[in-house]
Amino acid sequence: MLGEGLLKGLAETARNFAGSFVSEERLTTVQYPEERVAPIENTRDFPFLVYDGDDWHAGMRCVACQICEKECPPKCIYIEKSKDKKPDYVGKPQIYPARFDIDISVCMSCQICVEVCPFEAIKMDTQFELSTADRFGGLLLDKQQLAKSNEYYHEIHPTEAAEVDARLAEEKAKTEAKARAAAAAAAAKAGAPAPAAKAAPAVDKPAAVPKSADLAAPVPKPSENKPESPAKPDQGGAPDS
Amino acid sequence: MIERLDQIFILLRDWLVHFLPANWQAVVATVLNVVAIIAVFPTLFALVTVMERKGLGRMQNRFGPNRVGPYGLFQPVADGIKALTKEDVVPFRADTIVHFVAPLVLVVAVFMGFSVLPMGRNMVLADMDAGLLFFFAMGASTELSVFMAGWSSRNKYSLLGAMRAVAQMISYEVPLLMSGLAVVMISGSLTLSKIVEAQNRYTFGLPHWYVFTPWGFAGLVLFSIAAMAETNRSPFDLPEGESELVAGYFTEYSGFKFALFFLGEYVGMFSIAGMGATLFLGGWSAPLAILNWVPSWIWFFGKLMIAMCLFIWIRGTMPRLRQDQLMNFAWKFVIPMTLVNLFVAALWRFVGPGWARWVVCWAILIAFYVLMGQTILRRRGLGPRSYRYAE
Amino acid sequence: MNPLTGYLLVAALLFATGLAGALTRRNAILVLIGIELMLNAANLNLIAFWRYGPHPEALTGFLFAIFSIAVAAAEAAVGLGLVISIYRHLRTTDLDAMNRMKG
Amino acid sequence: MTPVFYILAILTLAGGLAAVTLKNTVHCALALTVAFAGLALFFLQLDAQFAGFAQILIYIGAVAILVVFAILLTRSSEAEASGGILSRHWLAGLIIAAAVFAVLGWAILRGAQALPQESAVPAVTVHQIGTALMGRYVLPLEIVALLLTSALIGAVIVAMHEKESAK
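Residue numbers (my numbering), protein chains in the order written: chain A, 1 to 241; chain B, 242 to 632; chain C, 633 to 735; chain D, 736 to 902.
I should point out that these hints are in silico values taken from the structure, not numbers from a laboratory.
Do not take every clue at face value.
[Unchecked claim] Derived EDC-like pairs (lysine to aspartate or glutamate); straight-line CA-CA distance at most 20 Å:
id	chain 1	residue 1	chain 2	residue 2
1	A	LYS81	A	ASP101
2	B	LYS435	B	ASP336
3	B	LYS573	A	GLU4
4	D	LYS758	B	ASP370
5	B	LYS295	A	ASP103
6	B	LYS295	A	GLU4
7	A	LYS92	A	ASP54
8	B	LYS295	A	GLU12
9	D	LYS758	C	ASP726
[What the hints assert, rightly or not] Distance windows between CB atoms, simulated:
id	chain 1	residue 1	chain 2	residue 2	range
10	A	GLY53	B	LEU288	30 to 40 Å
11	D	ILE742	B	VAL281	23 to 33 Å
12	D	ARG871	B	LEU612	33 to 43 Å
[Claimed, not checked] Far from chain A, some chain B residues (derived; all Cβ distances over 12 Å):
id	residue
13	ALA263
14	LEU297
15	ILE427
Ideal placement from N, C-alpha and C gives every residue a C-beta, glycine not left out.
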């Protein structure tokens, strides 16, 4: 019968109309600023910089290697290397970014910077309320605005952060073991038992580090994601020697 | 007291006017009438926009606007301020004069239609002898403004929208007029107040509205379809289909002129809904004899608002038609049905009272409806669609 | 001036304008516009004569004008249909270019 | 002669003149509607309400739209810009039109004395018009109905795509 479908459709909308008043679960939307939908764990929008510990500047994982700057498709990352060094999370002195800006009006949230970062220093944020009255300056975030603690990272992406932490801990253990082995080798050579501070051997005997790295290279690496990462801090350190 | 309330606006006007010298009174009374119309319907427009947005929201299982004012009631105020403070942009190559005149022509023509609508007992601005003809004449002249707007914008979307709008409005004006013609045949008058008076009679407390007759019911349905197409409402909103033509013929309008188009569209809906109520639903007459004490204008505006709710309900339900479906529907279904309806109305008039005419009229109408629904529409691709690749 | 004379003069002027348009323009549609103007001028005459004539209640001139409006509408529909058909055939609405009887 | 008459006369004649002289064809069509509207107001001023409303409904609502459609379908608003707007024999046409106006005007002014003066407003209701149409003028009405039907069919056939000839 002609018009039957029309009547069915009208009945459906009428049911929705009446139902939206009586049953709350019908309503698919929430009243946004007051109520919020819990974000999905894999939500991402713009990158931020992770730091460990309490001091954002001291704990920043970024070593200004500029890989993300080069890989960024829309070229929204601007990095300037520092002249001096500060110790990184394993205690090794590293260059840090004197300037690290991301223009989020340009950023397209592709996550490539996160993929390429060898130091787990840049991660994706879920913060989306970024509107500002100043569209040029206001959307160009500097490193202080970008720096977020590791705890915050755990909060927004718990699974991913746990993986990252495990990986970093493993690396750190490896580096320490390596340093200890190097220290032991040096001690054996010098004949002086030196259970020195963790960072000390790397600083005092930079020449020994590449050698130990060569020795350590054939050691099988359980971490599949970043097979190169244990070698890289050493390479970063090598040109300084 | 009740009669006072019924005539409150007339009395108020006369009281205001009696302060003036005698030779001014008639002029000022007319001006007051016009001012009342110009004040009431835009206010109603504001109310209906928020009603529409909330209603559509509820049909989609969400709240509508609820931020500005209590329950979002001041939303139209915010919308209005936004529209008025926007920059008025005229395209560089546009035909400036025609571009400027088009919205004015639309709004003027649309408001003229109200001058013959009886909005209550004795509440009609100009009770013309040929009121119905005047109303449809004014409705017809809105087409030209639509064309002017679309053509003068020098924009392909505008022009396409205007062409669609004009073709659609011309096609659906024929059934609109012809379904109204059945009422004229029965009531024997083109004067709208007389048409209302003819329906303002009661047997057993039930009204003699034309919608309760076979031809009147079919007429109302056909009139509503044609009215929806005439006012470019969904599902006949091809001329301004957002997903196809941006905003159709008023794509290149902004600020106040855009607001005028918006206003014209809604006020046109009010006028055509008021006309439908007048022709088929007894205008300002009460639905039951015992409710006659309620002021007549409440009934008129109540019927108007019910019609608007129907418009909104249908907008929330139906998807948009395709252009060929639209034209086929008009010329191969609606117009033949109105012709049959005219014939049935004539039959109703000449068979005379009795149960025989009820049976015969209903039988003819239903037979034609089923026949057309089963054969013509299905063959012309208007029936349920068969998918070749999906399913 | 006599009121009827005024209406007749306006109608005559409108008729002459329409005639001039129909005879001088090249575009077939504009020729049709000219013809419409002439018909309308005639309608004005009919209505004016009805209004000031001796027997307005007989409605002769009035109904003549109504019939004339109906006929003019039919004329416009057919005329424009012809113009569109010719345009489809010759790709022009220029009357000077329509100088052959062979299609 | 009232001021209203002069205003309407100027409106109508300006519309008519613009309709035949403007360069852009769409402007011509819009000017034509102004002339139609002026004539409708003339009819209202002549107490022919029904004829005035019919004029608006049919001319502004249908004929003007039809003209506009034809203009857009034939793209003559663009073609006009290339060549001149006047035909080869425009001078002869103008002379004929002027001559016709001269004859008409002469006749009207000559006969002005014989014309009836101001007369009472005829009280014509729509009911009377209907009775007249269905009574005395029923034959013309039927003929007009036939004419309109044949015009409808004829216009459709003329403007229809010739599918057979394309093969």
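Against the structure, the hints come out as follows:
Between the alpha carbons of LYS81(A) and ASP101(A) the distance comes to roughly 12 Å, so the proposed pair stays at or under 20 Å and holds. Proposed proximity of LYS435(B) and ASP336(B) is contradicted: the alpha carbons are some 45 Å apart, above 20 Å. For the given pair, LYS573(B) sits about 19 Å from GLU4(A) by alpha-carbon distance, which is consistent with the 20 Å threshold. A C-alpha spacing of about 41 Å is found between LYS758(D) and ASP370(B), which places the hinted pair above 20 Å, so the restraint is violated.
With a CA separation close to 39 Å, the supplied pair LYS295(B) and ASP103(A) exceeds the 20 Å bound. With a CA separation close to 27 Å, the supplied pair LYS295(B) and GLU4(A) exceeds the 20 Å bound. At most 20 Å may separate the alpha-carbon atoms for a hinted pair to count; LYS92(A) and ASP54(A) meet this at roughly 18 Å. Between LYS295(B) and GLU12(A) the CA atoms are separated by roughly 17 Å; this keeps the pair inside 20 Å, and the hint holds.
Restraint check for LYS758(D) and ASP726(C): satisfied, since their Cα atoms lie roughly 14 Å apart, inside the 20 Å limit. Take GLY53(A) and LEU288(B): their Cβ atoms lie about 60 Å apart, and the range 30 to 40 Å is violated. Checked against the given bound of 23 to 33 Å, the beta carbons of ILE742(D) and VAL281(B), roughly 31 Å apart, stay inside it. At roughly 39 Å, the beta carbons of ARG871(D) and LEU612(B) sit within the given window of 33 to 43 Å.
Every CB of chain A lies more than 12 Å from the CB of ALA263(B), the least distance being 55 Å, so the non-interface label holds. The Cβ of LEU297(B) sits about 9 Å from the closest Cβ of chain A, inside the 12 Å cut-off, so the non-interface label is violated. Distance check for ILE427(B) against chain A: the nearest CB is about 25 Å away, which clears 12 Å, and the non-interface claim stands.
Hint compliance for this structure: hints 2, 4, 5, 6, 10 and 14 are broken, all remaining hints hold.
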